[in-house]
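Visitor: Chain by chain, the residues run as shown.
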Amino acid sequence: MSGHHGALTRGASIHGLYQPGHSRVHLLNPTAKMLGLVVFVTLVAVTPRTAVAALSANAVVVALVMVVSKLPARMVLGRLAAVVPFVAFGLLLPFIGTGTRVHVGAISLSVDGLWASWNIVAKAVIGAGAAIAVTSTTAITDLLSGLERLKVPAVLVAIAAFMVRYVDLVVGELARMRIAMVSRGHDPRWLWQIRPIAASLASVFVRTYERGERIHLAMLSRGYDGSLPVTRDVEPLRTSELCVGLLPAAIAFAGLAIVLWP
Amino acid sequence: MIEPAVEIAELAFRYPGSKEWVLDGLDLVVRAGERVALLGANGSGKTTLLAHLNGLLTPQQGALRVLGHQVGPSSIAELRRRVGLVFQDPDDQLFMSTIGDDVAFGPANLGLRGSELERAVELGLASVGAEYLRDRVGHHLSGGEKRRAALATVLSMEPELLALDEPTSGLDPVGTRELAKLLIGLGTTQLIATHDMAFALETCPRSVVLSGAKVVLDGPTRELLADEALLAAHGLALPFGWRIPQEVQPTEG
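Those protein sequences? They're chains A and B, same order as listed.
Going by the working numbering, the first sequence opens with residue 261, and the numbers climb by one from there.
Going by the working numbering, the second sequence opens with residue 15, and the numbers climb by one from there.
Check before you lean on any hint, since a few could be wrong.
[As the list claims (entries may be wrong)] Partial selection, computed: residues in chain A whose CB lies under 10 angstroms from chain B:
| hint | residue |
| --- | --- |
| 1 | 312 |
| 2 | 313 |
| 3 | 478 |
| 4 | 489 |
| 5 | 495 |
| 6 | 497 |
[What the hints assert, rightly or not] Covered stretches of chain B, going by a simulated chain A footprint (3 or more residues, C-beta under 8 angstroms):
| hint | region |
| --- | --- |
| 7 | 73-87 |
| 8 | 103-113 |
| 9 | 146-153 |
| 10 | 167-174 |
No wet-lab data here; the hints were simulated from the structure.
Here a beta-carbon is modelled for each residue, glycine too, at the ideal position from N, C-alpha and C.
Make the full structure from the sequences, and use the hints.
Guide: Now the structure itself:
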C-alpha cells in the first residue's frame, strides 16, 4: 500500500532512542533494568559528595554497562549533551560560592563551590549515563510494559504511552508548518519574527486537542468505559533477572555503606 | 424474514450550539450482508450518520435501529461490541504503544483475557494480513499498513456491521485496490462513507447520496454514478476522464 507520509519531516524520533542489539543488557528483562536504574540513581543521588571513590566507582559501573551494551561512544556522548546546562551551572559555583577560598594562580575559588560543582557534575553525568544505558537498550514499548509490571498506575502508563505514541505526530506537524512557512519566504532569524512560530504553536495546540477528542471517540467506539483494559499478560520477573538488574545498584550501595560506616 | 441490519426513520441531529441540522428527516434501510456506499459532499452528514451506528451519537429525533437494537443509552454497550467503526484518520484509531495492543484493546474491553484475547488478536491481524505488524508501533507504518491495522482493531471484535469513514483517504491506488479486495472478502454488512467513486463502484453494489441533511438518491452504484448531471446537482462529480454508460436512472428521493 502507500508509502510513509511526511518524507520531508522525517527526523529524530522518540523511538530512535532505542539502539537495537543483542547484548546481555539488551536481553535483560526491562522491568529488572528499570528497577535497577531507579535504585541505582537514587543511591547515587544520596551518596555524599565527599565520597569521591564511591562516585568514581559508580561512574566506572555505568561505563562498563555501556561497554557490555556495545553502545557507540559517539551516540552516548551526543546524548550526554543533555546534561550540559547542569554542568555549566556547576562550573559557575566555584566562582560564586562563599566560605573558604583557595587560589589557583590568580583565580580565587570557593571550596564549598568546588564541592558543589563536583557533586552536580558527577551525579548528573552518572545519572544521565545510567538512563542512557537503559533507554538505549530497551524498546519504548518494553519500557512501558516495564512500568506496568512495576505496578505504576495504569492511567500514568497510558498517559506515557499516549505521549510516546503521539509526540512524533505533533513534532511532524510542527515541522510541516515550518516547511510551509519557509516555502513561502519566511526566514526566522530574529526575535521579532517569532509571531508566525507562536501562531503555529497555537494551531498545533488546537489540532492536538481536537485529535485528543477524536482518539477518545475511537476508544469509546471500541468499548472503553473509563478504565484501561489489560491487553497483554504480564510475565513474572525472575529472581535471577532481578539480581542482574540490581547489580549496579548493589555496587553503589556497597560504596555508600563503606563511606557511611562509622 | 431477516431483520435489516440498519433501519433509520426520520433521523435528525444537530451538534450542540449549532442551529443547523446535520441530519434532518433521514431515512435508510440496510439489509444484513449489504455493502452500501455513503456518498455526499463535505459536510453532508456522512460521518455524523456513521457515529450514530454504534452510539457515539444518539438520535435527537426519529428512530434508529441497529442490529435489532434501538440506539440509546441502554443499547450502547451491545452496539459497541457488534458495530465496528473505523475512523477516517488511522492515527486516531491506533493509540496504543504497539499494533498488537491496539488490536487487543477492543476485545479486552469486552472482557476477553488470556488465550481468548490472544485468539481475538490473531483473528483481527490475520483478517487483514497484518500479523507482521503486531509488535510494531503505529507511528512508523505506511498509510496502507495503518489503514489495515485500524481495520484489524475492529475486526478483532468480530463486528456484524462495519462502518468505515473515508477508508481510502491517504492510500495510493495499489493500497486502495488491496483495501477494496479486503472489504469485499469480509462478508459483513458494511456502510462505507467515501468520496472515492471508483472505490464505491468496486466495493459497493448499492450507494446512497446524502445532501441537504437527508438521503436524496438510493440505488445501484453503477446506475447512480452513470448520471453525472444528477450527481452534480447534489455536489458530487466523477473523476476526470471517467464515464459510466447510462443504463438505468436511479430512484430520486
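Visitor: Indicate, hint by hint, whether the structure satisfies it.
Guide: A quick look at each hint next to the structure:
Given the 10 angstroms rule on beta carbons, the hint for residue 312(A) is violated: about 41 angstroms separates it from the nearest Cβ of chain B. For the restraint placing residue 313(A) at the interface with chain B, the shortest Cβ-Cβ distance is roughly 41 angstroms, beyond the 10 angstroms limit, so the hint is violated. Nearest Cβ of chain B to the Cβ of residue 478(A): about 5 angstroms, under the 10 angstroms cut. The hint holds. Below 10 angstroms, beta-carbon pairs count as interface contacts, and residue 489(A) has one with chain B at about 3 angstroms; its hint therefore holds.
Among the interface hints, the one on residue 495(A) is violated; its C-beta lies about 13 angstroms from the nearest C-beta in chain B, farther than the 10 angstroms criterion. A distance limit of 10 angstroms between C-beta atoms decides the matter here; for residue 497(A) the minimum to chain B is near 19 angstroms, and the interface restraint is violated. Figure legend: the region 73-87 of chain B, annotated as covered by chain A; annotation inconsistent (0 residues with Cβ-Cβ distances under 8 angstroms, at least 3 required). Coverage of the region 103-113 of chain B by chain A holds in this model, with 9 residues showing a Cβ closer than 8 angstroms to a Cβ of that chain against a need of three.
Remark: the region 146-153 of chain B is confirmed as covered by chain A, as 4 of its residues place a Cβ nearer than 8 angstroms to a Cβ of that chain, reaching the required three. For a cut-off of 8 angstroms, the count of residues in the region 167-174 of chain B with a CB near a CB of chain A stands at 3, and the three-residue condition holds.
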